[in-house]
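We have chain R; now place chain B onto it with these hints.
Chains R and B, in that order, give the protein sequences.
Going by full-length UniProt numbering, the first residue of the first sequence is number 1, and it counts up by one from there.
Going by full-length UniProt numbering, the first residue of the second sequence is number 1, and it counts up by one from there.
To be clear, the hints were calculated from the coordinates, so they are not data collected in a lab.
One should not assume that every hint holds.
No copy is singled out in the list; a pair is fine if it fits within one copy or between any two copies.
Here are the simulated lysine-lysine pairs, DSS-like style, with alpha carbons at most 25 Å apart [unchecked claim]: (1) Lys172 <-> Lys156; (2) Lys342 <-> Lys172; (3) Lys159 <-> Lys187; (4) Lys156 <-> Lys59; (5) Lys172 <-> Lys159; (6) Lys59 <-> Lys321; (7) Lys321 <-> Lys159; (8) Lys187 <-> Lys172; (9) Lys342 <-> Lys329; (10) Lys342 <-> Lys187.
Number of protein chains: 2
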Amino acid sequence: MDIATRVWNHKWKIDPIVRSLIDNDFYKLLMCQSVFRNKPDAQVRFSLINRAQDVPLAKLIDEGELREQLDHIRSLSLTRGESTYLRGNTFYGKRQMFRPDFMEWFENLRLPPYELTRVGDQYELTFEGSWPEVMLWEIPALAVLMELRSRAVLGKMGKFELQVLYARATTKLWEKIERLREAPGLKLADFGTRRRHSYLWQDWCVQAMLEGLGPDAFIGTSNVHIAMRRDIEAIGTNAHELPMVYSALAQTDEALAHAPYDVLSDWHDEHDGNLRIILPDTYGTKGFLERAPDWLAGWTGIRIDSGDPATAAETAINWWKSRGEDPTKKLVIFSDGLDVDKILELHNQFSGRVRPSFGWGTLMTNDFRGLTSGDALAPFSMVCKAVSANGSPTVKLSDNPRKAMGPAEEIERYKRVFGVGDQDEMEVVV
Amino acid sequence: MDIATRVWNHKWKIDPIVRSLIDNDFYKLLMCQSVFRNKPDAQVRFSLINRAQDVPLAKLIDEGELREQLDHIRSLSLTRGESTYLRGNTFYGKRQMFRPDFMEWFENLRLPPYELTRVGDQYELTFEGSWPEVMLWEIPALAVLMELRSRAVLGKMGKFELQVLYARATTKLWEKIERLREAPGLKLADFGTRRRHSYLWQDWCVQAMLEGLGPDAFIGTSNVHIAMRRDIEAIGTNAHELPMVYSALAQTDEALAHAPYDVLSDWHDEHDGNLRIILPDTYGTKGFLERAPDWLAGWTGIRIDSGDPATAAETAINWWKSRGEDPTKKLVIFSDGLDVDKILELHNQFSGRVRPSFGWGTLMTNDFRGLTSGDALAPFSMVCKAVSANGSPTVKLSDNPRKAMGPAEEIERYKRVFGVGDQDEMEVVV
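Excised from the complex, chain R in its bound form (with noise of 0.2 Å):
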């Protein structure tokens, strides 16, 4: 018996679910960056959109208990080694990626307050403040409400009905992990640390990929805490936040048509190689590279994150082709709703004509669809998104109408500035 582990584990209050400030996503921090030195002044709001009404948030979640996980995440700093790693580690083959008035900043950094309150059987939760902090909530909070929802619903579980749940879903994952093994050339990264089961699932999850799958064809973790943990590579580039704040702040139109050139202009002047990845959906893909600068083309690769995926790749191939650049050495990172089949679908398109890689997000880290009566383990589709801008509201229009954002005179504005016509509405799982 190991007394003194038991005593300890005793002595915590709650059982946290985020442990540490780097128990977030690679591409916040690089955008946390980029923002620190672009946009330092810019007070944004974030706030928590639960998409799947049907999920009673404020039902199955004790609020108490809501609470007690955001203050723990509000009381957590930088550690030493997290430092240590941060300023020493090589990301994307590039020393000193943070630079050290950025660490600075970060190591003494605490997150802002947060505001929540309980409106039927939804929570509002919002942080408001200035944006390089207000950003570096939107993982953790997710996280936080997901996984508190699967402790309510394992909470009413036998010991060996939670043995056999848990064997059921390493089963399924590894039934995953056997049928992309026969996709030769592949990359695929872990994108699932927003909406993941929890922690040590995902953690799981990462360990069972390095060994099912190889380092060859498994090649990181979104996630900067696993990623040090299991010393593998950080992995992620750029977000929606970047363009919907800067066209946010924009003041006319012809202001907020150039502004989503101005975000990839920084981030030009910041990143070089891999980190060089266009995500050209946020008010449309198809008039986004119409109208992108010849530099833009240069870029090493792109990112597809709504519509249908295959459309959206074939549009970045004609584009490549006619600003004379050869797409077979182009990245198209696909990381939208996917799965085993549509990733080999994908792969087996693509491989060749370009260089696809694979972000593999909640059905990896949370597909315990079918595994519980009720199904009530079921991921569902809620985000955290930045929904105003020193007082104007955001806008996202993305390639599939269901994922627009914003309200409906602003989002006509978009549409008429960005020359966004109709678009085919697919259906958002999560």
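Chain B in isolation, oriented as in the chain R frame:
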């Protein structure tokens, strides 16, 4: 880190498979006590028989490791806690099931030597000496061989591959439990010690059955050590070795014809209630029952261990009726090669007509079929039987000629003496 435990674990020269003399079937102890009282001086020889010649045990299992495991078993003696349990616990509703003179002998017992030689790809493993000592080798010898074979296969697997293997086995067992849960009034015990995948796996299976079926349906385990640790009933009555050795000791055909009844006469003196279970198939169920004395019809029930189980149960029902007994009060214990389909079928067929009960063995504690490539962990049919007594060969006929054992001319003599005609052959799976 629990350094002390780690260091302690590293002090073991081997990882012992059998760690207790009562990691053995309960009926072995009951029979041992009976033999200790009635035939203490009989000299017997037990021998390993691998019915599955396609499983090359000597290629799979290192002889040195096998010797280490068997030597470890010879080093075991009853611990104080085990002795207290056997002396003080209530078995089958009876206090002091084990008499003080037997317990004193058992407390001083170490298992006698073994003889091991490699012949081709198989091992010849035999045990010779006084019956009450030698008989206790059967179960641990089989368990050691089964688990060393498991380890040989497991040793080549990666950490996560192992996790997935056990996840699959866990899921498989739980799906069986979920099906069994639907059968109202089911009574079932674990009889799977001898051909278990491993000790830990058997212990896990028992705990899962207990949570999944509850103590009304899962009535106990044949494994005395697990029964003690998990505080559940130890289950078992008697086995073929009693009539086989009694018969081998008979000097004349007349004595031989009477020997199986002498066994039960001795048993009748020692036990009552649910321990009065007839095992009728050693030399053919039909003739055995026809010639049985009336007092045997008054026994509590019957155990069916070979041949077609429904046919044997019907034979018993008709026999009870012919002797003026009420079959609906009788216990019928099915224990031969069971899996869920067969259990449910027999339960449905005989509930209400008798009191059916099930001793579920190999396919509960070792159903790793289909879980590894080449099915390298599938259970196989291996037994360890009394092959001679005081120099005379033993014979078993059973209700399935494929389970018959003994020299051909002796088999013929027994068939004549016991009036056994044609029998239906049935495949022996486990």
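Are the CA atoms of Lys59 and Lys321 at most 25 Å apart within a copy, between copies, both, or neither? neither (53 Å within a copy, 61 Å between copies)
Alpha-carbon proximity between Lys172 and Lys159, which holds within one copy, between copies, both or neither at 25 Å: both (20 Å within a copy, 17 Å between copies)
Reference check for the pair Lys156 and Lys59, CA-CA at most 25 Å: within, between, both, or neither? within (15 Å within a copy, 48 Å between copies)
Classify it for me, Lys342 with Lys172: is the Cα-Cα distance of at most 25 Å met within a copy, between copies, both or neither? within (16 Å within a copy, 28 Å between copies)
Up to 25 Å CA-CA - Lys156 versus Lys172, copy category: both (22 Å within a copy, 22 Å between copies)
Please sort Lys321 with Lys159 into within, between, both or neither, judging by C-alpha distance up to 25 Å. neither (58 Å within a copy, 46 Å between copies)
Intra/inter-copy verdict for Lys342 and Lys329 if alpha-carbon distance must be at most 25 Å: Within one copy, since 22 Å is at most 25 Å while 60 Å is not.
For the identical chains here, do Lys187 and Lys172 meet the 25 Å Cα criterion within one copy, between copies, both, or neither? The answer is within: 20 Å in one copy meets 25 Å, while 32 Å across copies does not.
Could you place Lys342 and Lys187 in one of the four classes (within, between, both, neither) given a Cα distance threshold of 25 Å? within (14 Å within a copy, 47 Å between copies)
With identical chains treated as interchangeable, where does the CA-CA distance between Lys159 and Lys187 reach 25 Å or less: within a copy, between copies, both, or neither? between (37 Å within a copy, 23 Å between copies)
Taken one by one, the earlier hints fail for this structure at numbers 6, 7, listed in ascending order.
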